[in-house]
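What follows is each chain in one-letter form.
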Amino acid sequence: MKSVIAENLVKTYDKGNVRALDGLSLDVEEGTVLSVLGPNGAGKTTVVRILTTLLRADSGSASVAGIDVIKNPEKVREVIGLSGQYAAVDEILTGYDNLVMFGELYHLGKKQAVVRANELLERFSLTEAAKRPIKTYSGGMRRRLDLAASLIVKPKVLFLDEPTTGLDPRGRQEMWGVIQELVKGGVTLLLTTQYLEEADQLADDIAVIDTGKVIARGTSDALKKQVGGERLEVVVEQVHVAKTMEIVAAVSGHKAALDEGLRLISAPVSTGSAALFEVLKALDSAGIHALDVGLKRPSLDDVFLSLTGHAAEEKKEEIAEKKRGRK
Amino acid sequence: MSAVNDIYIITRRQLLLLSRVPEVLIFSTIQPVMFVLLFRYVFGGSIDTGQPGGYVQLLMPGIFVQTVAFTLAGTASGLAEDMKKGLIDRFRSLPISQSALVIGRTLGDSLLNIVVLAVMGIAGYIVGWRPSAGLANVALGFLFLLFFGYALSWVGVLVGLSASDARVVQNVSFIVTFPLTFLSNAFAPTTGMPRALQYFAEWNPVSTMVAACRELFGLENQFGATAGSFPSEHPLTTSLIYMLIIMLIFIPLSLRKYRNYAD
Chain A
1 MKSVIAENLV
11 KTYDKGNVRA
21 LDGLSLDVEE
31 GTVLSVLGPN
41 GAGKTTVVRI
51 LTTLLRADSG
61 SASVAGIDVI
71 KNPEKVREVI
81 GLSGQYAAVD
91 EILTGYDNLV
101 MFGELYHLGK
111 KQAVVRANEL
121 LERFSLTEAA
131 KRPIKTYSGG
141 MRRRLDLAAS
151 LIVKPKVLFL
161 DEPTTGLDPR
171 GRQEMWGVIQ
181 ELVKGGVTLL
191 LTTQYLEEAD
201 QLADDIAVID
211 TGKVIARGTS
221 DALKKQVGGE
231 RLEVVVEQVH
241 VAKTMEIVAA
251 VSGHKAALDE
261 GLRLISAPVS
271 TGSAALFEVL
281 KALDSAGIHA
291 LDVGLKRPSL
301 DDVFLSLTGH
311 AAEEKKEEIA
321 EKKRGRK
Chain B
328 MSAVNDIYII
338 TRRQLLLLSR
348 VPEVLIFSTI
358 QPVMFVLLFR
368 YVFGGSIDTG
378 QPGGYVQLLM
388 PGIFVQTVAF
398 TLAGTASGLA
408 EDMKKGLIDR
418 FRSLPISQSA
428 LVIGRTLGDS
438 LLNIVVLAVM
448 GIAGYIVGWR
458 PSAGLANVAL
468 GFLFLLFFGY
478 ALSWVGVLVG
488 LSASDARVVQ
498 NVSFIVTFPL
508 TFLSNAFAPT
518 TGMPRALQYF
528 AEWNPVSTMV
538 AACRELFGLE
548 NQFGATAGSF
558 PSEHPLTTSL
568 IYMLIIMLIF
578 IPLSLRKYRN
588 YAD
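Protein sequences, first through last, are from chains A and B.
Under the numbering used here, read the first sequence as residues 1 to 327, first letter to last.
Under the numbering used here, read the second sequence as residues 328 to 590, first letter to last.
If you're looking for bench data, these hints aren't it; they were derived computationally from the structure.
Be aware that one or more of the hints could be misleading.
[Unchecked claim] Calculated lysine to any residue pairs in the SDA-like style (CA-CA distance at most 20 Å, straight line):
no.: 1; chain 1: B; residue 1: K412; chain 2: A; residue 2: E91
no.: 2; chain 1: A; residue 1: K2; chain 2: A; residue 2: G294
no.: 3; chain 1: A; residue 1: K154; chain 2: B; residue 2: P422
no.: 4; chain 1: A; residue 1: K110; chain 2: B; residue 2: N332
no.: 5; chain 1: A; residue 1: K255; chain 2: A; residue 2: G229
no.: 6; chain 1: A; residue 1: K110; chain 2: B; residue 2: Q341
no.: 7; chain 1: A; residue 1: K15; chain 2: B; residue 2: L344
no.: 8; chain 1: A; residue 1: K71; chain 2: B; residue 2: N587
no.: 9; chain 1: A; residue 1: K135; chain 2: B; residue 2: V351
no.: 10; chain 1: B; residue 1: K412; chain 2: B; residue 2: N332
no.: 11; chain 1: A; residue 1: K131; chain 2: B; residue 2: A523
no.: 12; chain 1: B; residue 1: K412; chain 2: A; residue 2: P133
no.: 13; chain 1: A; residue 1: K135; chain 2: B; residue 2: L345
no.: 14; chain 1: B; residue 1: K411; chain 2: A; residue 2: E91
no.: 15; chain 1: A; residue 1: K15; chain 2: A; residue 2: R56
no.: 16; chain 1: B; residue 1: K411; chain 2: A; residue 2: I70
no.: 17; chain 1: A; residue 1: K243; chain 2: A; residue 2: A275
no.: 18; chain 1: A; residue 1: K15; chain 2: B; residue 2: L342
no.: 19; chain 1: B; residue 1: K412; chain 2: A; residue 2: G294
no.: 20; chain 1: A; residue 1: K2; chain 2: A; residue 2: P39
no.: 21; chain 1: A; residue 1: K225; chain 2: A; residue 2: V241
no.: 22; chain 1: A; residue 1: K135; chain 2: B; residue 2: A493
no.: 23; chain 1: A; residue 1: K75; chain 2: B; residue 2: V351
no.: 24; chain 1: A; residue 1: K135; chain 2: B; residue 2: L344
no.: 25; chain 1: A; residue 1: K213; chain 2: A; residue 2: E78
no.: 26; chain 1: A; residue 1: K225; chain 2: A; residue 2: R132
no.: 27; chain 1: A; residue 1: K135; chain 2: B; residue 2: V383
no.: 28; chain 1: A; residue 1: K110; chain 2: B; residue 2: V351
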């Protein structure tokens, strides 16, 4: 069963001048994790805001847990959890205060809210900091508390909008650990990220979006395959470049590419280390000494580059989107 | 009623925030008390009121009204702050009554006004403020002041939700409240103003509020060019009409703004 369905969502800002979403469609199978991957300005936050009822799409339809987002926003709010880019908790209040308040707003009743708050603080290793105001927390602790707040009532679908943006590497690792725990528990999760590694680590499925549209969809491995499996890379002295290109092309069976600045010659290969061995042997008999040689598995950066023709970069739309989103 | 419960929780949050940062409460009261002292002792000597008890009797209602008028700024900057931190998104994604956050905010700010007015009343008493009316009328006057602050709080909601930056909120709030409080009868009799200003001052809701409070506290109001006009004859009724108009306009506008604030 599909827990999230979005069809042909369109959202424009500034009287139609900025198209944040341009016919975006996606879906999330129940109990799985979908990562929406894209650069800033691609429309990630906008799609999350529409699915969580914070924003109305200009056109298109969407449902969460079978409930129409546009017709029944109140019902949708009962089954979702949302944790955004900015840890949205009261800084002046303590972690405990925040969770109890949100628990009460979920109509748990004071007693239940206290029990649940303590459970969550324990689970996210925040018990020690429970009685301190949030403003004394580290970035990672704030995000964990924000995540805890979105889990007070076990949501049917959880939305995490760039959960690790702005965290230091350690905070990011901790956050990943927490999210992986959740995933093991069988939550349905839609996660946006601009970190290719994050999508790779956490998601079953990846939807790559750019300029408001999904441009590719599949598992991490499938996307990598789409770019063409492994590549053989060799770096040599300038004088050997031409000869090495011939050798690499012969082994690969494809035209070799050259990065002139790095003197890096590369070509796709399908036989893995056997191809590597062959190239080394051929270089050796030609009297060429390779400065560096290796097999490179494509990163999601490569995926993005080959899908969009440009690297993941920030664009004008994001500025408009951010302005709106933060207001 | 779950909506009532939601509003109650949000209002309580507001008070909890106050208790965690007592400075806010302290500074919210220091400023008006400072105004009481400044006006009482700096201008008080040179303004001839022709009323028993001297300038302080006229001044206190004026300062009470000015103080509650600043609720507008308080509500606006509080909401702007919540927006900046993404808290409004969180509240809007919860299965709670969609108006609870703003209603709770306005109620919380009114509760703060109770404390501030109480402190000011005591400060006024110390410097010689003695309302000559009975206790019931004085209490009614304070109730009136709270109601006025509450109405303006809804203007603050719209200002806070519309502004792009917390600093803009401060500026807008001051631009709205300063002329209104000073182009009025709050601190000096309007009889000395140019004729055109006298008309403005007489119809200014701040003036009608001040006049209404003076009446309730047992003073007689003085009028120049505008003597006999409706607001000067019926300040209480006029003020009530103003408050109702403000709320009828700004509550629906603010709630709509809140529901679609990102669109």
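Okay, the hints, checked on the actual structure:
no. : hint            : verdict
1   : B:K412 - A:E91  : 9 Å, holds
2   : A:K2 - A:G294   : 42 Å, violated
3   : A:K154 - B:P422 : 13 Å, holds
4   : A:K110 - B:N332 : 12 Å, holds
5   : A:K255 - A:G229 : 15 Å, holds
6   : A:K110 - B:Q341 : 17 Å, holds
7   : A:K15 - B:L344  : 39 Å, violated
8   : A:K71 - B:N587  : 15 Å, holds
9   : A:K135 - B:V351 : 17 Å, holds
10  : B:K412 - B:N332 : 24 Å, violated
11  : A:K131 - B:A523 : 59 Å, violated
12  : B:K412 - A:P133 : 15 Å, holds
13  : A:K135 - B:L345 : 16 Å, holds
14  : B:K411 - A:E91  : 12 Å, holds
15  : A:K15 - A:R56   : 14 Å, holds
16  : B:K411 - A:I70  : 26 Å, violated
17  : A:K243 - A:A275 : 17 Å, holds
18  : A:K15 - B:L342  : 40 Å, violated
19  : B:K412 - A:G294 : 47 Å, violated
20  : A:K2 - A:P39    : 26 Å, violated
21  : A:K225 - A:V241 : 28 Å, violated
22  : A:K135 - B:A493 : 19 Å, holds
23  : A:K75 - B:V351  : 38 Å, violated
24  : A:K135 - B:L344 : 13 Å, holds
25  : A:K213 - A:E78  : 28 Å, violated
26  : A:K225 - A:R132 : 49 Å, violated
27  : A:K135 - B:V383 : 43 Å, violated
28  : A:K110 - B:V351 : 27 Å, violated
Violation of the numbered hints given earlier is confined to hints 2, 7, 10, 11, 16, 18, 19, 20, 21, 23, 25, 26, 27, 28; the remaining hints are satisfied by the structure.
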